[in-house]
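Respectively, the protein sequence lines represent chains A and B. The working numbering applies: residue 1 is where the first sequence begins, and numbers increase by one. The working numbering applies: residue 1001 is where the second sequence begins, and numbers increase by one.
No lab work stands behind these hints, which were simulated from the structure alone. One thing to keep in mind: the hints can contain errors.
Said to hold, decoys possible - Using 20 Å as the maximum straight-line C-alpha spacing, the simulated SDA-like pairs for lysine to any residue come out as follows: (1) B:K1056 with A:R72; (2) B:K1056 with B:G1093; (3) B:K1082 with B:E1050; (4) A:K114 with A:L97; (5) B:K1056 with A:E74; (6) B:K1081 with B:Q1033; (7) B:K1056 with B:I1035; (8) B:K1056 with A:P20; (9) A:K114 with A:V183; (10) B:K1082 with B:G1093; (11) B:K1081 with B:L1008; (12) B:K1056 with A:A19; (13) B:K1081 with B:G1040; (14) A:K114 with A:L184; (15) B:K1056 with A:M193; (16) B:K1056 with B:I1083; (17) B:K1056 with A:R24; (18) B:K1081 with B:Y1021; (19) B:K1056 with A:R28; (20) B:K1056 with A:R25; (21) B:K1081 with B:R1025; (22) B:K1056 with A:W78; (23) B:K1056 with A:D132; (24) A:K114 with A:D132; (25) B:K1056 with A:E32; (26) B:K1056 with A:R21; (27) A:K114 with A:R24; (28) B:K1056 with A:V183; (29) B:K1056 with B:Q1077.
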Amino acid sequence: MPDRPAPHSFDRLIQAGIAPRRARRILREFAEHHADVVAECLISGDSAPEAEAAADARMGSEQQLVANLLTRPELHSWAHRQPAVAFALAPVLSFALAFIASLLALVAVGEWRKAHGEALNTASPTIQWMSDYAGVYLLWALPLGAAAVLAVLAARRRETSFWPCVGIAGTCFVGALTNFSLVLPPMADPPTMGAGIGIGTDNLGSVLLRAGSTTALVLLPYLRARRLQRHE
Amino acid sequence: MSGISELLLLRLLAERQMYGYELARAIRSTTRQAISVGEGVLYPALHSLERRGWLKARRCTVNGRTRVYYALTSGGQRHLKKITQEWRRISGGVNAALLDPHHA
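Take these sequences, add in the hints, and give me the full structure.
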C-alpha cells in the first residue's frame, strides 16, 4: 500500500470528529486486511511485488477509505457533535464533582481513622497529612489537573481551540472560587474542616490571581501544542 | 448499495462471528462473485453498524495476528429480520415487474 502508514489519515479522521480510538482501530484493521490480501496473493503464486500491487489494486488507497469514513456522520463522536457541552460544560461540572468527592474522601479517611482509635488532634498523622497536603491538592492540584486533562483530551482530538479554551478558563475560575480550611486545636477541638465554592468582595483579588495563574499554566502549553499540531 | 452491504454483513454475521478479511471473502463466495464489497466500504459499514449497536467487536489474537471479530447483537438480529423482510418485499416487486412489466 503506497500511502501506508499515513499519519495524515489519522489526523484527517480525528479532525473530522471520529474518536481517536476508533480512528486508530479502523486504520489498523485496514492495514491487517492488506497484509492478509498480500499473503493470499503470495500463496496463489504471485511474487512479493506482484502481491503488493494486487493488494493495492483490490483494496484501494487508505485515502479512499478515509473519504468513505468521512461521509458517515454516525461515526462522529459525541464530543465533536456537542463541543460546548463536552469541552466547556462537562469539565467544569466534572471538576465540581471531583472537588466534592475529594472532600467526602477526606471526611471518610478522618472518620475511619477515628473509628480505629486514632485521636484526631495536632499530633495525629492523619491531621498532619491533611494540614500539609489537602489544601494544596484541593485548591491548586485539582483544578490544574482537571484543566490539564481537558487540554490533553482536546489536543489529542485536534479539536478547534475555542471551546477547550472556554473549558480550561472556566475550570480554573471555578477552581479559584473554592476554599478549604482545617482548624486545629486549640482554635477548635476536635479539629474542624470547612470547604466551599463562592466569592466575596474581600478576596476578589486573590481569586482572580489564582484563576489567572492556573489558567495561564494550562492554556499556554495547550495553545502552543495546538500551534505545533497545525504546522505538522 | 449501502443497504445491500448492510444486509449481507448482518446476514453473514448471524451465522458466526468473523473479521473483516473473512467477511470480504464470504460476501464474494456466498453471492457467487456477483457482489464484492470493497474494503474501503466494508470497514466504514462495519463501524457504522457497530456504532448503531447492531454489531459488537472483540479483539482476538489468532496465530500471532490480532483480529477484530464482529458478532451480531440481539438488536442486530431484530434489525436483520426487519431489513430481510423489506428486501424480500422490494425484490419480489422488482422481479414481478421484470417478469410482466405491462401488468398493472
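Consistency of the hints with the structure:
no., hint, verdict
1, B:K1056 with A:R72, "holds, 18 Å"
2, B:K1056 with B:G1093, "violated, 33 Å"
3, B:K1082 with B:E1050, "holds, 17 Å"
4, A:K114 with A:L97, "violated, 26 Å"
5, B:K1056 with A:E74, "holds, 16 Å"
6, B:K1081 with B:Q1033, "violated, 24 Å"
7, B:K1056 with B:I1035, "violated, 24 Å"
8, B:K1056 with A:P20, "holds, 18 Å"
9, A:K114 with A:V183, "holds, 17 Å"
10, B:K1082 with B:G1093, "holds, 17 Å"
11, B:K1081 with B:L1008, "holds, 12 Å"
12, B:K1056 with A:A19, "holds, 17 Å"
13, B:K1081 with B:G1040, "violated, 26 Å"
14, A:K114 with A:L184, "holds, 15 Å"
15, B:K1056 with A:M193, "violated, 48 Å"
16, B:K1056 with B:I1083, "holds, 19 Å"
17, B:K1056 with A:R24, "holds, 17 Å"
18, B:K1081 with B:Y1021, "violated, 25 Å"
19, B:K1056 with A:R28, "holds, 17 Å"
20, B:K1056 with A:R25, "holds, 14 Å"
21, B:K1081 with B:R1025, "violated, 23 Å"
22, B:K1056 with A:W78, "holds, 19 Å"
23, B:K1056 with A:D132, "violated, 49 Å"
24, A:K114 with A:D132, "holds, 19 Å"
25, B:K1056 with A:E32, "holds, 19 Å"
26, B:K1056 with A:R21, "holds, 15 Å"
27, A:K114 with A:R24, "violated, 50 Å"
28, B:K1056 with A:V183, "violated, 54 Å"
29, B:K1056 with B:Q1077, "holds, 12 Å"
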